[in-house]
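Peer 1: Take a look at the letters that make up each chain.
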Amino acid sequence: MLDAYVTALGMVLDPYVLFVITASAIYGLVVGCIPGLSATMATALLVPLTFFMPPVPAIAAIVTTSTMAIFSGDIPGCLLRIPGTPASAAYVDDSYQMTLKGKPELALGIGLWFSVLGGLFGTAVMMVASPAIADFALGFGSVEFFWIVMLGLGGAVFIGSSTPLKACISLLIGLLIAMIGMNNPAGQPRFTFESTEMLGGVSLIPMMVGMFACSEVMRHMVSGGGAPPVVIQKIGPIFANMWRLTKQYPWQLIRGSALGTIIGIQPGSGADMAAWMSYAMSKRFSKEPEKFGTGHPEGLIEAGASNNSSLAGAWIPALVFGIPGDSITAIAIGVLMMKNMAPGPTIFVNNPENVYALFLVFVIANLMMLPLGWAIIKVATRVLTVPRRILMPIILLFAIVGSYAINNSLFDVGVMLAFGVLAFVLEENDFPVAPVILGVVLGPLLEEYFINSMIKSDGRLIGLVDRPIAAVLAAITIGIIGWTILASLRSRKTGEQPAQS
Amino acid sequence: MKFNNLFRGLLFLALSGLVAVASWNLPNPSQQPLGPSAFPLILSGLLALCAAILAVGGARATQGSPLVGRADWARSGGALARLLLVPAAVIFYMLFAETLGFLICATLILVILFLAGGTRPLQAIGLSLAAALVIHSIFYLGLGVQLPWGPLEPLRW
Chain A
74 MLDAYVTALG MVLDPYVLFV ITASAIYGLV VGCIPGLSAT MATALLVPLT
124 FFMPPVPAIA AIVTTSTMAI FSGDIPGCLL RIPGTPASAA YVDDSYQMTL
174 KGKPELALGI GLWFSVLGGL FGTAVMMVAS PAIADFALGF GSVEFFWIVM
224 LGLGGAVFIG SSTPLKACIS LLIGLLIAMI GMNNPAGQPR FTFESTEMLG
274 GVSLIPMMVG MFACSEVMRH MVSGGGAPPV VIQKIGPIFA NMWRLTKQYP
324 WQLIRGSALG TIIGIQPGSG ADMAAWMSYA MSKRFSKEPE KFGTGHPEGL
374 IEAGASNNSS LAGAWIPALV FGIPGDSITA IAIGVLMMKN MAPGPTIFVN
424 NPENVYALFL VFVIANLMML PLGWAIIKVA TRVLTVPRRI LMPIILLFAI
474 VGSYAINNSL FDVGVMLAFG VLAFVLEEND FPVAPVILGV VLGPLLEEYF
524 INSMIKSDGR LIGLVDRPIA AVLAAITIGI IGWTILASLR SRKTGEQPAQ
574 S
Chain B
31 MKFNNLFRGL LFLALSGLVA VASWNLPNPS QQPLGPSAFP LILSGLLALC
81 AAILAVGGAR ATQGSPLVGR ADWARSGGAL ARLLLVPAAV IFYMLFAETL
131 GFLICATLIL VILFLAGGTR PLQAIGLSLA AALVIHSIFY LGLGVQLPWG
181 PLEPLRW
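Taken in sequence, the protein lines are chains A and B.
Numbering of the first sequence is given in our numbering, commencing with residue 74 and proceeding in unit increments.
Numbering of the second sequence is given in our numbering, commencing with residue 31 and proceeding in unit increments.
Hints listed in this document are in silico derivations from the structure and should not be mistaken for laboratory results.
Just so you know, these numbers come straight off a predicted model, no measurement behind them.
Even for Gly, the Cβ is constructed at its ideal location relative to N, Cα and C.
Where hints are given, some of them may not hold.
So, partial list: chain A residues that the calculated Cβ filter (under 8 Å) puts toward chain B [to be verified]:
hint: 1; residue: Ile467
hint: 2; residue: Ile468
hint: 3; residue: Ser482
Listing some non-contacts, in silico: residues in chain B with all C-beta distances to chain A over 12 Å [what the hints assert, rightly or not]:
hint: 4; residue: Phe37
hint: 5; residue: Ile83
hint: 6; residue: Pro117
hint: 7; residue: Glu128
hint: 8; residue: Leu145
hint: 9; residue: Pro184
hint: 10; residue: Arg186
Across the chosen pairs, the derived CB separations fall in these ranges [stated by the list, open to error]:
hint: 11; chain 1: B; residue 1: Leu173; chain 2: A; residue 2: Gly175; range: 42 to 48 Å
hint: 12; chain 1: A; residue 1: Leu562; chain 2: B; residue 2: Gly174; range: 30 to 36 Å
hint: 13; chain 1: A; residue 1: Gly273; chain 2: B; residue 2: Leu171; range: 24 to 30 Å
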């Protein structure tokens with residue numbers, strides 16, 4: 074294992090990889106800082122570029138960009154009261170209040186310092202836990218994997234969503250999209266409409282670019298709106314009080330990091346839910362809950378650590394089982410598959426140095442966040458004034474070329490547009506988009522595991538639950554789904570309308 | 031477009047029906063107990079179930095209200111026109127990228143989108159040229175992607 078780490082370190086310290094990490098870091102910080110451009114969009118736009126890179130820098134680019142963008146989403150939240158990414162929404166009131174009180178450096182410093190600590194915590198858990206879980210999972214057969222995928226999808230739809238029914242429909246749409254093409258156990262072309270371009274299935278990259286970039290551009294077009302005015306302020310020394318705060322709130326830091334990691338591991342709930350839950354928990358256990366929302370550092374510390382630790386947590390199921398924890402890891406899994414590094418327990422046996430390189434990238438990205446984050450905060454007031462009416466058309470052009478570049482195919486540009494429109498219409502109608510991408514990424518696996526399990530058991534459904542681990546996983550999955558359905562029925566009975574929009 | 035839940039449900043019900051029809055008779059050459067049609071059929075069944083629940087709930091909650099409503103932004107013609115510019119730009123690229131070449135196509139798209147966003151004409155033209163050149167350099171020089179040149183072919187660098 075140590076040998077593999079040494080090899081991995083050599084791979085990461087390669088000048089080209091370091092260049093990619095630095096460039097992605099700056100890119101992630103800038104995009105995350107601009108309100109209306111989400112971390113997911115930043116990552117999706119980067120995917121066409123990673124297509125042309127070797128595996129390690131490709132993954133490094135994705136990891137670094139997402140880590141940086143989640144942190145820098147705190148900046149517009151603090152200065153403008155507009156969270157740069159949804160993950161910063163939970164504590165935007167507190168940090169903006171600090172700015173109004175003339176202490177923006179305190180809010181930004183907390184965002185930066187505790188993001189780094191949370192991120193390192195999540196990374197440490199990932200480094201220890203994922204090889205161990207992978208070791209355990211080596212004995213899993215298709216039945217166990219079938220239930221793990223089901224658990225992942227069930228968790229995404231029934232825990233991570235406020236509208237389970239609509240999330241379920243989104244997921245089924247994604248799974249059906251995954252059925253297109255010949256990539257199925259029988260090797261039969263399905264739903265291809267006699268088109269040769271569709272035989273290989275829907276190409277993932279144009280699809281992701283369309284869903285997360287093109288749809289954002291469309292949403293900007295209807296909402297319009299220029300950049301809001303920045304209350305230009307001088308930002309003082311950022312790290313001044315951080316050590317004092319760390320000693321004052323150590324418990325909040327650990328609790329936020331731990332809860333964030335756990336929520337990240339839980340498939341379907343990512344950084345935004347981690348921040349909301351940690352903020353709520355901090356308030357619940359605080360000695361002075363009445364100060365929350367008025368510029369109090371406590372919740373900021375806990376939730377700021379939480380959303381960054383969840384990023385690393387989400388990589389545990391992604392690496393070990395190939396199950397994405399949120400849409401960013403879904404994109405990352407797509408990139409891994411593209412690089413012939415299909416995730417799963419065997420990746421730790423066959424490609425350990427690549428996995429360890431990924432771990433090290435996480436560490437480096439989090440450490441690099443200190444100086445680069447400091448720099449972006451110093452120029453933030455200028456980045457915030459870049460008007461979105463200039464950026465959005467450029468993003469659209471980038472999305473077009475990025476989709477085209479993969480196969481030099483105009484058909485892929487059409488795929489990008491189709492999925493952009495699909496995502497836009499779904500979101501307009503309050504259907505969540507993340508389950509679609511989970512469905513597309515996991516659909517082929519789910520079918521393969523299901524069909525293989527059924528073939529092994531001669532088509533009897535009992536074959537899905539007659540091994541102990543499979544039975545336990547099945548029970549948990551069915552429990553989650555059943556509990557959600559019961560809860561929604563009960564809320565209907567008591568006269569309270571379930572979330573309908 | 032904003033649909034109510036009854037309409038959304040019926041729409042997805044129709045989709046699940048189409049999927050079921052399309053997957054019913056898929057050939058099963060290897061004679062496995064579960065052929066290539068099995069999984070899509072299960073999915074379409076689940077989709078039909080969810081769609082039905084959505085439709086029933088929608089029918090109960092929204093009696094008498096229109097099936098298809100318009101989102102607030104759609105009431106302003108300008109927003110709708112700006113929205114349609116996005117697919118129009120992509121389709122324009124798909125149709126004309128080969129004949130006009132990337133640089134011309136990209137500049138045209140950007141100029142129009144900038145102007146629609148309220149950028150001043152001179153600034154729009156300058157920015158479009160610069161952005162098209164930068165993106166072209168990233169993909170053509172940086173990644174070696176063969177972007178079409180169109181009439182600018184003699185200038186190829």
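Peer 1: Next, verify each hint and record whether it holds.
Peer 2: Tested hints:
no., hint, verdict
1, Ile467, "holds (5 Å)"
2, Ile468, "violated (10 Å)"
3, Ser482, "violated (10 Å)"
4, Phe37, "violated (10 Å)"
5, Ile83, "violated (6 Å)"
6, Pro117, "violated (6 Å)"
7, Glu128, "violated (8 Å)"
8, Leu145, "violated (10 Å)"
9, Pro184, "holds (22 Å)"
10, Arg186, "holds (16 Å)"
11, Leu173/B with Gly175/A: 42 to 48 Å, "holds (47 Å)"
12, Leu562/A with Gly174/B: 30 to 36 Å, "violated (58 Å)"
13, Gly273/A with Leu171/B: 24 to 30 Å, "holds (29 Å)"
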